[in-house]
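Engineer: Given next are the chains, with one letter for each unit.
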Amino acid sequence: SQQGEEDPQALSIQEGENATMNCSYKTSINNLQWYRQNSGRGLVHLILIRSNEREKHSGRLRVTLDTSKKSSSLLITASRAADTASYFCATDVNQGGKLIFGQGTELSVKP
Amino acid sequence: NAGVTQTPKFQVLKTGQSMTLQCAQDMNHEYMSWYRQDPGMGLRLIHYSVGAGITDQGEVPNGYNVSRSTTEDFPLRLLSAAPSQTSVYFCASSYNRVNEQFFGPGTRLTVL
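Protein sequences appear in the order of chains A and B.
Under this note's numbering, think of the first position of the first sequence as 1, with each following residue one higher.
Under this note's numbering, think of the first position of the second sequence as 1001, with each following residue one higher.
Only chain B is shown next, with the shape it has when bound in the complex (with noise of 0.2 Å):
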């Protein structure tokens, strides 16, 4: 198994740029979410999906859209980039919300 995958490992990105950041699992998790990553604010959670077809936000939705049409791909979009959206991304999946969640490597993302 892969387990959780991220493309890209590393994106920059110029202000009001749009883009997407892939995730997908081979686990067959119905749980999957993204979370940022920022100095001294450890990971705060933006979306999360408890299955195919359904979305919540996180503490951070603003600025990120997310679908979730199969069960192994969770993909996070930027519609309009921000420089406060440079941060590190990672997605995570796990069995059901209350089980232990896989992290992929991550994104890290710059917007100049």
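Extracted from the complex, chain A is given alone in its bound form (with noise of 0.2 Å):
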């Protein structure tokens, strides 16, 4: 089974809105990951927060961590059409090596 699930599975919302998306895993972690794909392309790195951090900000793009909870998420502000693309947590695994990816999150963001 994966490591990481997100939550929802699909979100569409108005350009302007704020989206946010969540991120579960199952073991300890160093460092959690969050990445977006465009449809037909690579992944694209966006935001690194590492198992010492509670919360980090990038331009408009907030994530949290709570290794309590083991969760994370991704809030996206003012979310514009350009925003629309499927989201990925990915840990880094606290066995040696690994970076698993969750399932993802689709998010359209409609004009």
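Please keep in mind that the hints were generated in silico from the structure rather than gathered at the bench.
Please note that the accuracy of each hint is not assured.
Covered stretches of chain B (in silico footprint by chain A; criterion: 3 or more residues with CB under 8 Å from a CB of chain A, positions within the stretch not fixed) [to be verified]: (1) 1014-1024; (2) 1087-1098; (3) 1101-1107.
Some chain A residues flagged as far from chain B (calculated, every beta-carbon gap over 10 Å) [what the hints assert, rightly or not]: (4) E15; (5) E17; (6) N30; (7) R80; (8) A85.
These figures come from a predicted structure and were not determined experimentally.
Here a beta-carbon is modelled for each residue, glycine too, at the ideal position from N, C-alpha and C.
Combine the two chains into a complex, taking the hints into account.
Structural biologist: In structure tokens, the structure reads:
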């Protein structure tokens, strides 16, 4: 079974609204990363949060990490149609060398 | 820098055929990995390497072989293709395993 699971699987919002995606994982981690994938393309790294951090910002992105609940959230503020993509969390598992991805959240931002 | 390159972009195989998916990076990254992406399954780690001469299995290694003779190249071999290996394959690299990964554009493989 996979380490990370995103929720919701799909999200549809209007431009200007905020989008929140959640990721839960099962085992201890060194860090958690969020990636974005546009249709038919490779993944692009968005942000990395280490296990000793609780919150991190990058432009319109805000990521939180709660290691006690083994969960993370990605907030995209003031969304744009160009934010339409799939978003994946990935955990650096504390067992030596593996980066495990979740199943992703498909975000659709309507103009 | 070209980043992470993958060849071919598309490939159709018949069951039982063998082939090698190529992956190369020019960023002097130590860590490289192969993933497959199937609808509704996200990305699943096939094999990874933490440096030249060192490889290890990921979540779904069966049916695939890898080797890492140089820092730059990390080919993925399918010894006897099966329809279940129809997927999109992504190669990725990073400076080390705790850093962000850079992904190639992917190879879309169909096994008939």
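Engineer: Now, for every hint given, state plainly whether the structure supports it.
Structural biologist: Hint-by-hint comparison with the structure:
| no. | hint | result |
| --- | --- | --- |
| 1 | 1014-1024 | violated (count 0) |
| 2 | 1087-1098 | holds (count 4) |
| 3 | 1101-1107 | holds (count 6) |
| 4 | E15 | holds, 27 Å |
| 5 | E17 | holds, 25 Å |
| 6 | N30 | violated, 6 Å |
| 7 | R80 | holds, 23 Å |
| 8 | A85 | holds, 13 Å |
Against the hints set out earlier in the document, violations occur for numbers 1 and 6.
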